[in-house]
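Student: Residue numbers (this note's numbering): 29 to 87.
Rather than coming from a laboratory, the hints here were simulated on the basis of the structure. This one's a predicted model, so the numbers in the text were calculated from it and none came from an experiment. Hints may contain errors.
Stated by the list, open to error - Across the chosen pairs, the derived CB separations fall in these ranges: (1) 54 to 85: 45 to 51 Å; (2) 80 to 54: 28 to 34 Å; (3) 84 to 63: 31 to 37 Å.
Stated by the list, open to error - Listed below are the simulated SDA-like cross-link pairs for lysine to any residue, each with C-alpha atoms no more than 25 Å apart in a straight line: (4) 71 to 61; (5) 71 to 82; (6) 68 to 55.
Heads up, the beta-carbon is just placed ideally off N, CA and C, and yes, glycines get one too.
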Amino acid sequence: MASTVTGQPPPEDALRPEEPSVPQADPGSMVLEMLRRTRKAEKDLRDATVTENDITNTN
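Hey, can you work out the whole structure from these sequences and the hints?
Tutor: Next comes the structure, spelled out in structure tokens:
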């Protein structure tokens, strides 16, 4: 039997695997959300990238 630092046995809840507190979304919507985030990250990266054109236009 496992025991905690205090020498007391752990509560029953600690013995059960964690269950998600939020209902799981369907895989299709999870994929769409990942694609949306990827596209946003790519756009943010493009917007933050300095190109040769940006440098020559500052003169």
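Student: Which numbered hints does this structure break?
Tutor: 2
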